[in-house]
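Enquirer: Residue numbers (our numbering), protein chains in the order written: chain A, 1 to 244; chain B, 1 to 233.
Please keep in mind that the hints were generated in silico from the structure rather than gathered at the bench.
Don't take each hint at face value.
As the list claims (entries may be wrong) - In silico SDA-like links for lysine to any residue, alpha-carbon gap of 20 Å or less:
hint : chain 1 : residue 1 : chain 2 : residue 2
1    : B       : K140      : A       : E78
2    : B       : K140      : A       : L92
3    : B       : K58       : B       : W142
4    : B       : K59       : A       : I72
5    : B       : K59       : A       : A127
6    : B       : K140      : A       : Q115
As the list claims (entries may be wrong) - Now the in silico label distances, taken between C-beta atoms and shown as ranges:
hint : chain 1 : residue 1 : chain 2 : residue 2 : range
7    : A       : K74       : B       : I42       : 30 to 40 Å
8    : A       : Q115      : B       : L222      : 29 to 39 Å
9    : B       : Y35       : A       : F11       : 51 to 61 Å
Each residue gets a CB set at the ideal place from its N, CA and C atoms; glycine is no exception.
Below are the chains, spelled out letter by letter.
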Amino acid sequence: MIEFNGVHKWFKKLHVLNDINLHVKPGEVVVVCGPSGSGKSTLIRTINQLEPINEGTLLVDGMNLSDKKTDINKLRAEIGFVFQQFNLYPHLSVLSNITLAPIKIRNTPKAQAQQQAMALLERVGLAEKRDAYPTQLSGGQQQRVAIARALAMKPRIMLFDEPTSALDPEMIGEVLDVMQKLAKSGMTMVVVTHEMGFAREVAHRVVFMDQGQILEVAPPEQFFLHPQHERAQQFLKQLLSPMH
Amino acid sequence: MDEFLNFQVIADNFTYFMIGRYPKGPLGGLGLTLYLAVVSCILSMFGGLILGLLSISKKRWVRWPSVVFINAVRGLPLLMVIFWMYFLLPALLGRTVPESRTVIFGLTLFTSAYMSQIVRAGIEGIPRGQTEAALSTGLKHWQAMIYIVLPQGLRNMIPSFVNQFVSLIKDTSLAFIVGVSELTHVGTQINNRTMAYPTEIFIFIAAVYFVICYAFTSLSRLLERKLSVGSSA
Numbered sequence: 001m002i003e004f005n006g007v008h009k010w011f012k013k014l015h016v017l018n019d020i021n022l023h024v025k026p027g028e029v030v031v032v033c034g035p036s037g038s039g040k041s042t043l044i045r046t047i048n049q050l051e052p053i054n055e056g057t058l059l060v061d062g063m064n065l066s067d068k069k070t071d072i073n074k075l076r077a078e079i080g081f082v083f084q085q086f087n088l089y090p091h092l093s094v095l096s097n098i099t100l101a102p103i104k105i106r107n108t109p110k111a112q113a114q115q116q117a118m119a120l121l122e123r124v125g126l127a128e129k130r131d132a133y134p135t136q137l138s139g140g141q142q143q144r145v146a147i148a149r150a151l152a153m154k155p156r157i158m159l160f161d162e163p164t165s166a167l168d169p170e171m172i173g174e175v176l177d178v179m180q181k182l183a184k185s186g187m188t189m190v191v192v193t194h195e196m197g198f199a200r201e202v203a204h205r206v207v208f209m210d211q212g213q214i215l216e217v218a219p220p221e222q223f224f225l226h227p228q229h230e231r232a233q234q235f236l237k238q239l240l241s242p243m244h
Numbered sequence: 001m002d003e004f005l006n007f008q009v010i011a012d013n014f015t016y017f018m019i020g021r022y023p024k025g026p027l028g029g030l031g032l033t034l035y036l037a038v039v040s041c042i043l044s045m046f047g048g049l050i051l052g053l054l055s056i057s058k059k060r061w062v063r064w065p066s067v068v069f070i071n072a073v074r075g076l077p078l079l080m081v082i083f084w085m086y087f088l089l090p091a092l093l094g095r096t097v098p099e100s101r102t103v104i105f106g107l108t109l110f111t112s113a114y115m116s117q118i119v120r121a122g123i124e125g126i127p128r129g130q131t132e133a134a135l136s137t138g139l140k141h142w143q144a145m146i147y148i149v150l151p152q153g154l155r156n157m158i159p160s161f162v163n164q165f166v167s168l169i170k171d172t173s174l175a176f177i178v179g180v181s182e183l184t185h186v187g188t189q190i191n192n193r194t195m196a197y198p199t200e201i202f203i204f205i206a207a208v209y210f211v212i213c214y215a216f217t218s219l220s221r222l223l224e225r226k227l228s229v230g231s232s233a
């Protein structure tokens, strides 16, 4: 589904992605973690080319991202992306936030798009907020609408870039719940997160990154109990310490 | 002169101040001033939008010419631009162009250059995440611009737009150097004819400009309030 082969990326002199090799299978849930500045956000943003890569090949859904003939807009429509800062459109109602892309890209009739949007709002538990504007919602609610917006295009892959990092602690659960249900439904997901509970319960594999490199890829039970790499051990120790 | 101020001259020439020789002759006076302002205003709104979008294009061969053009125009006095149009347009088109159209063209060119920078700032003021969110759902760049960035950006641009239009209304007075009989020109004509009342005439003209500009600013404040209510309710 997603294939990184020897991918490199530089920001000027900074080597943000260093020889990335990673294959994500259909239906798989991969959690990417690592200290800040390790390149995990950049990694996930290359998958729908919000960040272009400089070297190597990246295949997504059978399409080569470096190929000039690849229709990048079409590919993006197949990939849902959820941002740390939600990025809902503040000038549009919740319903219009969700229906915009299906109407404009898929030419879905408005009534049908709204019906589908309502079904999605139902699914994330926010049906009663259809006419609200994003600023009237809490962070957790906004993020759930953002997930619904991404799902409205019926994507084959969902990417989450630290979806709970901007949330108050009491709102993290509601967002993780939605994500967990999504994972159970068989969606292919790549999730950048520090929520180790989520990783442990939902992920099929955990990817640990530091300084632009993938240092470890392992199933969660193995990663959390017996991390191989020294820096992964340090990272987990800090993250799981009671003072954290 | 018996009295200090004698506004009888205004009353005597009031219709001439307002509409010139219209309807027996061409429109003039305040009517022409408003006509010049409104037409140039609408044209430069589009001109500014287009120039602004071009000037932030990712393609260098699109961006460069527009940036050069914008900076060239902004580096010239408006008076010069109108003069240029006056001589350049007939040469380019190979036929005479009505003076009022020359002025509209000059004003539009000049104001568009300034408006383009308001547009640019307005667009750049919208967080990058908005565009990214739109792109990530499969929207093309221009769709992200039209449906997501511009609706938010234009709202922020309103106060600067209004500033520019108020300047534009006042700038129409420069039309008088190429013989367009707008308000200021009409004022000097009447002054030349009557000789005795320059103070009264120019106080009156100043007052008219002020009233129009003030009315416009108030109107826009109303519009702004209305729009901002729409976004949060």
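Enquirer: Does each hint fit the structure? Answer for all of them.
Expert: Results for each hint:
no.	hint	verdict
1	K140(B) x E78(A)	holds, 14 Å
2	K140(B) x L92(A)	holds, 18 Å
3	K58(B) x W142(B)	holds, 12 Å
4	K59(B) x I72(A)	holds, 18 Å
5	K59(B) x A127(A)	violated, 43 Å
6	K140(B) x Q115(A)	violated, 24 Å
7	K74(A) x I42(B): 30 to 40 Å	holds, 38 Å
8	Q115(A) x L222(B): 29 to 39 Å	holds, 38 Å
9	Y35(B) x F11(A): 51 to 61 Å	holds, 54 Å
Hint check: violations occur at hints 5, 6; the rest are consistent with the structure.
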